[in-house]
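Enquirer: Listed below are the residues making up each chain.
Protein chains: 2
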Amino acid sequence: MTTTEPAVDFGTVAALAAQLRVDSIRSSTSAGSGHPTSSMSAADLLAVLITRHLRYDWDQPHSPVNDHLIFSKGHASPLLYSVFKATGVVSDEELLNGYRRFGQRLEGHPTPVLPWVDVATGSLGQGLPDGVGVALAGKYLDRLPYRVWVLCGDSELAEGSIWEAVDKASYYQLSNLIAIADINRLGQRGETDLGWNLEEYARRFAAFGARVLTVDGHDLAAIDQAMTAAADTSGGQPAVILARTIKGSGFPEVENEDGWHGKPLPRDMAERAIAGLGGVRGIVVRGPRPEPAQPGPVPEKPTTVAPQPDTGSTPSVEPPRYEVGQKVATRKAYGDALVALGARDDRIVVLDGEVSNSTYASEFAHAFPDRYFEMFIAEQQLVAAATGIAVRGYRTFASTFAAFFTRACDFIRMAAISGVDLRLSGSHAGVEIGADGPSQMALEDLAIMRAVHGSTVLYPSDGTSTVALVEAMAGLPGISYLRTTRGGYAGLYPAGESFPVGGSKLVRSGENDQVTLVGAGVTLHEALRAAEILHTEGIAARVIDCYCVKPVDTQTLASAAEATGGRVVVAEDHHPEGGLGSAVADALLAVGQQNLHVTHLAVREMPGSGSGEELLAWAGIDADHIAAAARKVAGG
Amino acid sequence: MTTTEPAVDFGTVAALAAQLRVDSIRSSTSAGSGHPTSSMSAADLLAVLITRHLRYDWDQPHSPVNDHLIFSKGHASPLLYSVFKATGVVSDEELLNGYRRFGQRLEGHPTPVLPWVDVATGSLGQGLPDGVGVALAGKYLDRLPYRVWVLCGDSELAEGSIWEAVDKASYYQLSNLIAIADINRLGQRGETDLGWNLEEYARRFAAFGARVLTVDGHDLAAIDQAMTAAADTSGGQPAVILARTIKGSGFPEVENEDGWHGKPLPRDMAERAIAGLGGVRGIVVRGPRPEPAQPGPVPEKPTTVAPQPDTGSTPSVEPPRYEVGQKVATRKAYGDALVALGARDDRIVVLDGEVSNSTYASEFAHAFPDRYFEMFIAEQQLVAAATGIAVRGYRTFASTFAAFFTRACDFIRMAAISGVDLRLSGSHAGVEIGADGPSQMALEDLAIMRAVHGSTVLYPSDGTSTVALVEAMAGLPGISYLRTTRGGYAGLYPAGESFPVGGSKLVRSGENDQVTLVGAGVTLHEALRAAEILHTEGIAARVIDCYCVKPVDTQTLASAAEATGGRVVVAEDHHPEGGLGSAVADALLAVGQQNLHVTHLAVREMPGSGSGEELLAWAGIDADHIAAAARKVAGG
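In order, the protein sequence lines correspond to chains A and B. The numbering used here puts the first residue of the first sequence at 1, with every later residue one more than the last. The numbering used here puts the first residue of the second sequence at 1001, with every later residue one more than the last.
Bound conformation, chain A alone (with noise of 0.2 Å):
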């Protein structure tokens, strides 16, 4: 599987692990931030995993044969960027040049925005269920053999969402993913939760079903014996490599000292620190690279899939096309339009936390089972593992109720820093839903994924806008957010309407309209409602259907508040920050719209248990409250 040079003998690696201290040290004086000692406890077991077990080819780090190498312990960036100094991507000028400047590429916590960076890190425990995500891909997907190296902090074993990634990668089987955690005891402000304890988190992993091999992470054989180990795909489970290390290891003055997180040496300890490490060293190296494969076959997955009964029919590559008039819940529309995606692109790829019945990505499980993945009761891993699959090239969506989104949202902001494109459904959205009460109600999520760095936000109000929006995400760069709704609600489009991103639909318009109302998904069909209500009062209404909350279709927005000076009503099935209303008033007074009379109907108390009719009514967002608002604001 690798290339057949010999390997790097000890001595290199030895001193690589010494440069590999040094420029850590170097890059982060330099800059005059920066987590050096975080960076020399790991320094032994990079120098050993690039030297002798990262198969990666260096010129090409997109090849599909390359394995994975991600900082988990993203604050960790000096050691990763001297790494990249010693495989000679990154020059010695770059690196102290470079680093943690304004413009330069070489971040305070890695990203992206290299090559050889598969994810953003730098909020801890996401490296970890990314990596997961990766190697998903790897041996459910791709099929290749290569394997996704996860550096881990001590800190970062105290997040709940570690312990998601191991259970998903040992319920998946993931033998080709390796975590390397780095035990050094010290977290920023003193010991850690278990500190050097390596027996108790030996505990945990293999309770988790992980295979772990603990090490003295300074001790370069018994690392490479470990790594050999642990590289050993033959079995069923992910391996962890437990490393009891020394933070800031290889300068006695700061070892296994506390006040030292987070920060550069002081030039005058820099010095002495290099010149006890032998100096500055310019080591090129290159470990093994990866042969060329080719993808094998699709391996069993432990049945996740409720038994359905076979139709015998092949997935039909047409967009499901609904009437004018006919019933069908939005997340319904939502199942149905993957389906057809998932049998014109073999690349999409659907993951859903427990709830696929409900969010109706079940029609894609059945259709498609080796291309969907259960990540159960987990919305983290299951935004990460979206997350990791995407960056194998991959078009995920992740589905959850909206409410849950809540649970992964710095999972989704840092996909944003990532830049990867993630397609994300919230079903269940609102007060509409009704019975189940304010836990299951998403009041937040229009707020939440509209202050997502370059997000689009969807909100369809039937079953043809849904499919056709379904359509657009699977093409849309960045994080994109469906909204749909749990009831049926009737349709209001013919099949095949276009619906553009960034676009708006004027559903009911005149020549003397004396007020708009503004609505998107159940808000709309009362808006519509409310608008039959004014029309047997003559007053005439405008209605838009905002079916894209971000961005927001100003245009349209400002011309309707032009024609009927200025009087707008927005109702939303939301809290009144920071969602539908927000962008209509963001849009309004971004085009310096005047003579504006705008009324905002929201969910502004606390909801409790009802029908959603009524929840609709008490939350003054229904057909008779928009009437009402209209009738007032329109001086009738």
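Simulated from the structure, these hints should not be mistaken for laboratory data. Errors might be hidden in some of the hints.
To be verified - Below are the DSS-like pairs computed for lysine-lysine, each with C-alpha atoms no more than 30 Å apart in a straight line:
#: 1; chain 1: A; residue 1: K632; chain 2: A; residue 2: K505
#: 2; chain 1: B; residue 1: K1263; chain 2: A; residue 2: K263
#: 3; chain 1: A; residue 1: K505; chain 2: A; residue 2: K301
#: 4; chain 1: B; residue 1: K1327; chain 2: A; residue 2: K301
#: 5; chain 1: A; residue 1: K263; chain 2: B; residue 2: K1301
#: 6; chain 1: B; residue 1: K1263; chain 2: A; residue 2: K327
Because the structure is a prediction, the values reported are computed rather than measured.
Using the hints provided, position chain B relative to the given structure of chain A.
Expert: Relative to the frame of chain A, chain B by itself:
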């Protein structure tokens, strides 16, 4: 410790278990939704618990000596409410006609609108972490012998937050915490990750430091023995009772059958089930009551506070004072203010996520180690522990980097539903942090926190305003959030100045102001510099310190807009959506302010590393850009 009345006999317990099943079926069938089968699996567990182990005075739910009962599997609400009927605090009539109905208190998932409910559950994996908070309060603060019993589902054991909870329960030796895991094998859409593999669950809990008792969850005597053993708090470990149960237990037609999650039994099946279970019963039964108790001695805590030289002085109850012009970081002022608060009020409790030396929660930790809890890198548990401690009436402050509160977003959302008062301080916000890069920059936090129901969002710019706002937070209801800044900036306000919540400060104004500049935190300093620049050009600018982002000071904003011809420039170190600019836009539109020309400066691209100054300039939110925007809007 308990009353000496004889324990309820097993015959009665068995009849009660049947009643709980019958009532779970009746309530959900009558409501037309709910989770009867998930209730039936745990009916025997609850029947034994409430009759023979839970020490609870049902007539005094807020008695400090009561045990606590938390349904982490909140969807088993039919069972919980059936327990309430069985103890006589809820009538059969309410159970049948109130459950999941509009305007009623027996909501789809339990919330503290009921006096016997501590925290809202229904987002899985939160009840146990919350219970850790209650148990921390019991052991270290109340120092009372009550126990915390938490009923967990098996699906939720896949949530990482569960393992954060067990880790912390074990670290803090919470032998007063007993988790009862209802391992019924079936999740919503099929079998769980581990099914009935109780050995594997046992290994995991034991590895995380819990004392594990495995039991047949339908054997009353065995359950009783396990609960007796688990409730022995003499050891230093939390206990976990792993109960092998059958979903739908008691009605053979649905027992252990897939496809019955979250579905009420149709009326005909309900009738058969009820008949098979012996019909409707009206047993009212009370278990042991707690005896009065006085707080015990303060127990030793695992060392979590880094040693610090003892200054020998007692912390002052006087708030810290900063001079105008004195440079202090608002995060430092946060720590200083906490110490004074803590000296005045012994119900102030502080928690941090292993970054206390950065958030300055460390100052409180050193001054009042007995009221400080280190939560390590586990932000979900950080917020959950603060929530659970707040349940016991303490005034909790929790801090971490603002960016990492996104990790706990779902917990903050649920804390709002729980109605607890929770004070969060997020440090290191925005591009101002500089070299660490985007993973550490909160650029969505204002949007997220504003969208939380009933929240207060504060963003001070100097030491004096920070102190005033931290003091205000101590008395605020609901979720309050303080955004603090990394760098130190010159003080703007004299010591002792007042900063009412909902207010703002007109920090610069004149009669002929042509434009209003709105800033908060770091951008206020930039706005003031911009006003100086504009002044030299003959443009008079009014400057507003919008230190309270929610509720925003609509009146001052509207007056300023009115006075300056509607010309407003808002600058914020945050993404454009949902933050300060959005708050200002919403406020001005809500009051119908006319003739508006608003320019909104925010962070619109993905930042990298750099100095704070470089990045404020790059983002277009520094003094020069604010001045340029003001010039343009003023027609200059």
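Enquirer: Would you mind marking each hint as holding or not holding in the structure?
Expert: The hints, checked one at a time:
1. A:K632 x A:K505: Since the Cα atoms of A:K632 and A:K505 sit roughly 24 Å apart, the hinted pair holds (cutoff 30 Å).
2. B:K1263 x A:K263: violated, 56 Å
3. A:K505 x A:K301: Roughly 43 Å separates the two Cα atoms, so the pair is violated.
4. B:K1327 x A:K301: Distance ~60 Å between B:K1327 and A:K301 Cα, so the pair is violated.
5. A:K263 x B:K1301: Given that 30 Å is the threshold and the Cα spacing comes to 29 Å, the pair holds.
6. B:K1263 x A:K327: holds, 22 Å
Of the numbered hints stated above, those contradicted by the structure are hints 2, 3, 4, listed in ascending order.
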